[in-house]
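J.: For reference, the chains in residue letters:
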Amino acid sequence: MLIRALHDEGVEMIYGYPGGAVLHIYDAIFNQDKVEHILVRHEQAATHAADGYARATGRPGVVLVTSGPGATNAITGIATAFMDSIPMIVISGQVESSLIGSDGFQETDMVGISRPVVKHSFMVQNPEDIPMVVKKAFYIATTGRPGPVVIDIPKDVTDPKRKFPYSYPESVKLRSYSVPAKGHTGQIKKAVEILLAAKRPVLYTGGGVVQGEGSALLTELARTLGYPVTNTLMGLGAYPGSDKQFLGMLGMHGTYEANMAMHYSDVVLGIGARFDDRVTNTISKFCPGAKILHVDIDPASISKTVAADVPIVGSVTSVLEEMLELIRTSETQVDRQALELWWKQIEGWREKECLKVTPAQNDVIKPQQVIQCLYDITGGDAYVSSDVGQHQMFAAQYYPFDKPRRWINSGGLGTMGFGFPAAMGVQFAFPDAVSVCVTGEGSFQMNLQELATCLQYQLPIKIVCLNNQALGMVKQWQDMQYGGRYSHSTYSESLPDFVKLVEAYGHVGVKIEKFSDLKTKMAEAFALKDRLVFIDVMVDPMEHVYPMSIKGGAMKDMILSKTERT
Amino acid sequence: MRHIISILLENEPGALSRVVGLFSQRNYNIESLTVAPTDDHTLSRLTITTVGDDRKIEQITKHLNKLVDVVKLVDLTEGAHIERELMLIKVKASGAQRDEVKRTADIFRGQIVDVTSTIYSIQLVGTSAKLDAFLAAISGVTILEVARTGVSGISRGEKVLSV
Numbered sequence: 114m115l116i117r118a119l120h121d122e123g124v125e126m127i128y129g130y131p132g133g134a135v136l137h138i139y140d141a142i143f144n145q146d147k148v149e150h151i152l153v154r155h156e157q158a159a160t161h162a163a164d165g166y167a168r169a170t171g172r173p174g175v176v177l178v179t180s181g182p183g184a185t186n187a188i189t190g191i192a193t194a195f196m197d198s199i200p201m202i203v204i205s206g207q208v209e210s211s212l213i214g215s216d217g218f219q220e221t222d223m224v225g226i227s228r229p230v231v232k233h234s235f236m237v238q239n240p241e242d243i244p245m246v247v248k249k250a251f252y253i254a255t256t257g258r259p260g261p262v263v264i265d266i267p268k269d270v271t272d273p274k275r276k277f278p279y280s281y282p283e284s285v286k287l288r289s290y291s292v293p294a295k296g297h298t299g300q301i302k303k304a305v306e307i308l309l310a311a312k313r314p315v316l317y318t319g320g321g322v323v324q325g326e327g328s329a330l331l332t333e334l335a336r337t338l339g340y341p342v343t344n345t346l347m348g349l350g351a352y353p354g355s356d357k358q359f360l361g362m363l364g365m366h367g368t369y370e371a372n373m374a375m376h377y378s379d380v381v382l383g384i385g386a387r388f389d390d391r392v393t394n395t396i397s398k399f400c401p402g403a404k405i406l407h408v409d410i411d412p413a414s415i416s417k418t419v420a421a422d423v424p425i426v427g428s429v430t431s432v433l434e435e436m437l438e439l440i441r442t443s444e445t446q447v448d449r450q451a452l453e454l455w456w457k458q459i460e461g462w463r464e465k466e467c468l469k470v471t472p473a474q475n476d477v478i479k480p481q482q483v484i485q486c487l488y489d490i491t492g493g494d495a496y497v498s499s500d501v502g503q504h505q506m507f508a509a510q511y512y513p514f515d516k517p518r519r520w521i522n523s524g525g526l527g528t529m530g531f532g533f534p535a536a537m538g539v540q541f542a543f544p545d546a547v548s549v550c551v552t553g554e555g556s557f558q559m560n561l562q563e564l565a566t567c568l569q570y571q572l573p574i575k576i577v578c579l580n581n582q583a584l585g586m587v588k589q590w591q592d593m594q595y596g597g598r599y600s601h602s603t604y605s606e607s608l609p610d611f612v613k614l615v616e617a618y619g620h621v622g623v624k625i626e627k628f629s630d631l632k633t634k635m636a637e638a639f640a641l642k643d644r645l646v647f648i649d650v651m652v653d654p655m656e657h658v659y660p661m662s663i664k665g666g667a668m669k670d671m672i673l674s675k676t677e678r679t
Numbered sequence: 518m519r520h521i522i523s524i525l526l527e528n529e530p531g532a533l534s535r536v537v538g539l540f541s542q543r544n545y546n547i548e549s550l551t552v553a554p555t556d557d558h559t560l561s562r563l564t565i566t567t568v569g570d571d572r573k574i575e576q577i578t579k580h581l582n583k584l585v586d587v588v589k590l591v592d593l594t595e596g597a598h599i600e601r602e603l604m605l606i607k608v609k610a611s612g613a614q615r616d617e618v619k620r621t622a623d624i625f626r627g628q629i630v631d632v633t634s635t636i637y638s639i640q641l642v643g644t645s646a647k648l649d650a651f652l653a654a655i656s657g658v659t660i661l662e663v664a665r666t667g668v669s670g671i672s673r674g675e676k677v678l679s680v
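These protein sequences, in sequence, are chains A and B. Going by this note's numbering, the residue at position 347 of the first sequence is 460; the numbering climbs one at a time, nothing skipped. Going by this note's numbering, the residue at position 69 of the second sequence is 586; the numbering climbs one at a time, nothing skipped.
None of the hints are false.
Computed list of lysine-lysine pairs in DSSO-like fashion (alpha-carbon distance at most 30 angstroms, straight line):
#1 A:K664 to A:K457
#2 B:K583 to A:K286
#3 B:K573 to A:K664
The set of hints was computed from the structure by calculation and includes no laboratory data.
Kindly generate the complete structure, drawing on both the sequences and the hints.
T.: Here's what the structure looks like:
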């Protein structure tokens, strides 16, 4: 019944791992061929794979895990999806209803343990409730600000002996859940007036534009106005990264020009972004001269950290459409003269070339060069899933994404071990696309068991490992703030031979140690189109990620290199 | 400032824990909490008193509204309202104090609902401030036990919190 309901909901694929409490469901999976089940090697990877699938396609990812440890293993992945507002359905088995509360074997209170990291959760009490619960779960997960929804099902509820007449509901209405429709027209009008009167405007957009399918409209708005655009880490690709109006990413490791433009702006239009601490730096010093216009589908995101002068609650597409229409018909025109001066100022900041890479001596590879090389080889058109750490920031800085849903990373929770299983989800969604995982030797070891899954399903993922033999971001902070005391951030003597490791799993491994080999060996690896290739690139272990915002400062306060600060 | 937030909540298992969890998760403070079903058995009514500046209260109400089980809510302190709390208090009442306790209870319109030769159990209804004042007024008496229900409230006039 559950599998039938999933099929009726349009689910093609679920990621899971069997166990006692879900055996009835697995038997149902065995007896059908409409919903494909992907067997992972760890429940956390199931959630990340479903997450990657959801980010790349826009459709909800579906996960099936057993009770107890199966459920708890899924928590990290659920929290990851929750922080980044990714639609996901997690079905967890539960012990039999009669055993709940008795500390039965593999019992855990999944609804309770997942509560702070889900949009909503259900415990199914009766078999006949299954279709309606599934319908509600998908509706809640995918509408408004998306998020993960847990469905906990006691084993007796999926007992095939308990039969009931099945029908899948066509629609669902919840009296206590409504999705914000269009934004308030008066507010949008007010925002457009302020926007058109701006002399130093910036469009600051986040993951909401990607999630809300607002990229085309954002691009149209930016082009119509001629205003500069910056994206958050989650919003990369929402505006073409190679466009000249694009200032790069903003925030802690954002570009000099993006952060300077934000700080000195007079109007900030925030769209689907949440003014989080990695963007704003010190709130009291944030954009001192700017009026804040904030568009978000979640009212709780507005004025949470930075008070908005004009709050607009609504979907990105509906608000942007209305804005564009108002701009077209408005008598006020953009102040071209002021804009020209503003761009001149921005060009001045751009001349700093804050992302310029100075090649290393002695054929040593700089991590940034690896990403640049990856960009060239893939023509800037790959799906790039990233883990968390320095390599994540380098990828965000040096791989400009021209399309949304190409950059898959754990922004909010910062989950190491996310990238590889997420790249699997991407590859499952788009078997013919180039799915790359940019990782580090630290993150990769958090979910490397999925090499087996990749063998089973013949996933030709390309894993680019920026191997600096240390937990690079931790080490960078220890360099900068803890007097270079590397407390538990280095382990160079105990690293595995990754080439042999992936070969043991039946894949191809390549090790690159010299800059002069980088291009050819990377190209060779990517030429192996039907194989998983792990590219272990030994990079300069002392490299830091710059620019980096200065703690306690404003957005304009940045460290630009080991020797230069603003 | 102190706020009284009244919530209509789906009367479903786990719904209350979502509300309470939200407060601890986001570092908001619950001063008191009352909850019971309403005339409509599918709905519970919760009343929470909390303290915070306008911005914090706005965040609290926004986040509460986001909970799928929350059907409707109102911040009663935004308008004229009636708030009541019930207190049961057990005090030592012997010798000269016995009369004193009775007199004070009468002044506060409390009722003595249980009596032994040495103990009074008093019931008192009113605003939280009135209950506090009563406790202060009998501070010379040995208090054995205090049970307060927490605040419940309703808007004055035509304003109604309903589905």
